Amino acid sequence: MDLNYSPEDVAFREKTRRWLEENVPRQDLKTLDERKAWHRTLYEAGYVGMLWPKEYGGWGATPMQQAIVQDEMARIGAPPPINGLGIGFIGPTIIVHGTDQQKQRYLRKMLTAEEIWCQLYSEPNAGSDLASLKTRAEDTGDHFVVNGQKIWTSSGPIADWGILLCRTDLKVPKHKGISCFLLNMRQPGVEVRPLKQITGLSLFSEVFMTNARAEKDDLIGRLSQGWEIAQTTLGYERGANSLGRVTRYAISYHQLVHAAKELKRGGRPLIDDPVVRARLGKMYAELEVQRYAGLRVLSGLNKGETPGAASSITKLSYTEFEKRFYETALEILGPWGQQMVAGEDFEEVDTSSGEPGTFATAFLWSRAGTIYSGSSEVQKNIIGERVLGLPKEVRADRIAR
Amino acid sequence: MDFSFSSDQQLLKNSARAFLDEHVKPALVRSLIDDPRGESEALWKEMAQLGWLGLSLPEEHGGSGLGMVETAILLEEMGRAALPAPYLPTILAARAIAEAGTPEQQQRWLPAIATGSARATIAFLDNDLSWDLSTATATRAVGAPDRWRLSGAKRFVPWAHVADVILVPARSQKGLSLFFVDPSTAGITMSPAPLMDVAGRWSTLALDQVSVTEMLGPSGQVGALLNSVVLCGAVGAAAGMLGAARRCLDMAVSYAKVREQFGQPIGSFQAIRHKCAEMLLEVENSHAATYYAAWALDAKSEDHAVAASVAKAYVGDAARKVCSEAIQVHGGIGFTWEYDLHLYFKHAKALEAMYGDGDHHRELIVRQVAG
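Sequence order for the protein chains is A and B. Note that our numbering numbers the first sequence so that position 128 is 128, with each residue one more than the last. Note that our numbering numbers the second sequence so that position 316 is 316, with each residue one more than the last.
Check the hints yourself; a few may be wrong.
Listed below are the simulated DSSO-like cross-link pairs for lysine-lysine, each with C-alpha atoms no more than 27 angstroms apart in a straight line [unchecked claim]:
id : chain 1 : residue 1 : chain 2 : residue 2
1  : B       : K321      : A       : K392
2  : A       : K392      : B       : K257
3  : A       : K303      : B       : K45
4  : A       : K392      : A       : K15
5  : A       : K303      : B       : K321
6  : A       : K303      : A       : K54
7  : B       : K300      : B       : K321
8  : B       : K321      : A       : K323
9  : A       : K109      : A       : K30
Stretch-level coverage of chain B by chain A, calculated; a stretch enters the list once three of its residues show a Cβ under 8 angstroms from a Cβ in chain A [said to hold, decoys possible]:
id : stretch
10 : 2–9
11 : 278–284
12 : 304–316
Worth flagging that the hints you see were computed from the coordinates, not collected in a lab. Only a predicted model underlies this, so the values are computations on that prediction, with no experimental measurement involved. From the three backbone atoms N, C-alpha and C, an ideal C-beta is built for every residue, glycine too.
From just these sequences and the hints, can you work out the full model?
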C-alpha cells in the first residue's frame, strides 16, 4: 500500500496544469462551434480519447493519467469536451463489437467531435426495465425501417449519430429479441423534441422515429445480440472520473464554508453555530471518503483490474453523497440557497460544481444522478445479485407462462 | 499509487484471519464474559509469539518496526472476531513510550510488551469526558521534580484492571504531563465500569494522593503527544469497527441466502437485498477511510490528522448502521443472546465512543478545514 503518486504521475500533472493554464479559453464557450473547437484542441493535446487504443486515434494513456487530466480540468474550471457519451461509452462499444468498416467510418470523427453522438436506449415505458423496449426495426431486405420513441436522450438536438437499441424479433423472450444499430440522426424520419428538466434547462430530449432508416452495415454485432452489447456498455468502468468529480465537490464545499463565514444569523456567523459545524464536519468526512474510495478504484484500474459489477458501488456511493451534500448546503444557506441567480448582495450562492450556477441549481441537478445510467435501486439489485450473490428475485417477466 | 495491500500485508491479514477463526470462536468470547480478567493469558502469549504485540515497536526493542497499516490490518481482524484482549490500549501506550520515553523507559517496557509479559493502558478521560485532553484534564499532579502526588478521577479506562502500567495524563504546575503509574500503588481505587461490549473492559479510577516518580515525555508539554496517540487510537478503533461491521454484513448475507419466508429466500426480496447492498457500500467506504488514514499516519502526510478524524467519524456511523441493519435482516433471532450477532454489534458500539466519538472528530475536521 503506497498512496503517493509516482514521479511520472507528478510530472504529468504538472505538465497538464501548465498546458491548461495556457490554453483554457478565457471566455465562456457559447456556440457549438466554439465548444467543438475547444474539444479539438483538447484532443490534439492528448487529453481526449486518452484510454482509447492508439490504432483508433486514441492515446493509450493510463487510467491514472486520465483521472489526473479530469482532476486538473476540474481544478481550473475548464469546459469539458463535448462528445462524452460517444467517447466514454459508444466508441468503446464499437471497438469491442464493431466491424472494421464501422471502426474506420465512425471512430475518428467521434474523437474529434466532427460527429456528435447520443444514446437511444430508454423509452417512456422502458426505464429500469430497459429490455421491455418496444421500438421496432423491420428488415425490408435492403435496410431496416425503425419506428418508435426514445426518451431522456442527452445531446439529442446536437447529435449526428445515435446508438440504438430496438426490437428485431417479437417471437423470443424480451432480452433475446433486441438488436443494436448505429442510427443517422440527420434524416427525415428522426424528430428530436427537447425536454425541459427541473433545472429549467433542456439538456435532453425525446426522439421520435417514424419509418427511419437504419443501414444493414450499421448493425453492431449480430442480429438479436443487442442486449448483450448493452450490458457491456452499461458495465463501462466508472473509476477514471473519480478525482475530477471529487475535486468539483471540494471546490463547492469550500465555497459553502466561505458562505457560512459571510452569512450571519442572530448576529453571529453561521460557521460559529455548532449545528452548522457538525453538518459541515459530516459532509467533509463524507467528501473525503469519496476521494479515498475513488483512489482505491483508480489504483485497481491502473493495475488492469476491472471492477465489473463492483462499479455499481462507486456509482451508488457518489450519486447518493451528492444529494446529501447539496441538501446539507441548502439547509445551511437557508433562503439564500434557493436563489437560481447570484445577486450582487450575496454572490456566495454561486458554486462551480457541475454546470455553472448556484447551489440551488446544483441541488436540483443532484436529483439526476441517482436516476440516470441505472437508478440507485438498479445498482442495489446489481450489487445484491452479482457482488453479494444473493438469490434473484422472482419476477413476473421471468415466470414461464 | 497503490491502494491494495502488499503481499506481506495480505499474508499478515490471512494469517490473522486463520488464527482468530481457529482460536477466537464465539464460544471463547462467551466463555470470558464472566471471567474476572475477561481475557485469556494463553491467547495473549500466542499473540506475542505471532509477533502481534511487537508489530509496530522498534526492532531494537524486540518489535518488527511495522506501521499503522499493518496494525490496522490486525485490528480489523480482531474486531471481526470481537477478540477480548487489551491489544489496542497496550499498543497505544507502547507507541507513546516509543515516541517520548527515555532509553531506560523504553528498555523497561517495550521488550516486556513485545514478549507479552506486560500490558499497558492510557487513562485519557477525566470526569469531563472530553477527548481534547489539553483543556479537559483536571487530574492534578503536585510536587516535583522527581516525586509527584496525583489526585483526580479517570473514567472508562480500557483494560486498566489487567494493566501492569497505566499512563496517566495530569496537570502539573508546568502544564499537561504524563505519568507512569503502577496500578498497585496506594491511593488508587479501581472499580469496574461494566459495559455492554463483551469484548472490552473499562474501569473507573479514583486517584487520591497517588505517589509517582516517573514522567513520560517533556514535563508540561505532552499535549501534542497525547493528541497524536488519540489519533492512532481513533484509526485503530475505526479498523476494529470495520472488522465488526464486515462480520455482521457477512452474517446477514449468509442468513438472507438461506432463510425462507413466503416460499423463497428473504435475500431475493429487494427490501432485504437493497439493505445488504447499502451495508456493503458502507463497509467498502469504511475500508477506504480506515486504510487511507492508517497510511496517512505512517506517511505523516499533510492531511494525516484530518484523515484520522474522517476515518473515526465516518466508520463510527457506518459500523453502527451496518451492525444494526444486520440485526434487522435477521429479525427475531438477531435479538437473542444465543445468536452471535450481538457480540460484534456491541463491540463496534463500544469502539464508537472511544478515542473521540463522531461529534468530537467532526469538530476537529471543521477546525482544520474551515477554521
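Hint check results:
Pair hint K321(B) plus K392(A) holds up; C-alpha atoms about 25 angstroms apart against a cutoff of 27 angstroms. Our distance criterion of 27 angstroms between C-alpha atoms is met by K392(A) and K257(B), whose separation comes to about 10 angstroms. Only pairs whose Cα atoms come within 27 angstroms are accepted, and K303(A) paired with K45(B) is rejected, the gap being roughly 40 angstroms. Only pairs whose Cα atoms come within 27 angstroms are accepted, and K392(A) paired with K15(A) is rejected, the gap being roughly 49 angstroms.
For the hint pairing K303(A) with K321(B), the CA-to-CA distance comes to about 32 angstroms; that exceeds 27 angstroms, so the pair is violated. With a CA separation close to 19 angstroms, the supplied pair K303(A) and K54(A) stays within the 27 angstroms bound. At roughly 30 angstroms between alpha-carbon atoms, K300(B) and K321(B) are farther apart than 27 angstroms, so this suggested pair is violated. A threshold of 27 angstroms between alpha carbons decides the hint, and for K321(B) with K323(A) the separation of about 19 angstroms falls inside it, so the pair holds.
Between the alpha carbons of K109(A) and K30(A) the distance comes to roughly 22 angstroms, so the proposed pair stays at or under 27 angstroms and holds. Counting residues of the stretch 2–9 of chain B whose C-beta sits closer than 8 angstroms to any C-beta of chain A gives 6, which meets the bar of three, so the coverage hint holds. Against chain A, the stretch 278–284 of chain B contributes 4 residues with a C-beta closer than 8 angstroms to a partner C-beta. That satisfies the three-residue criterion, and the hint holds. Coverage of the stretch 304–316 of chain B by chain A holds [criterion: at least 3 residues with CB-CB distance below 8 angstroms; count 6].
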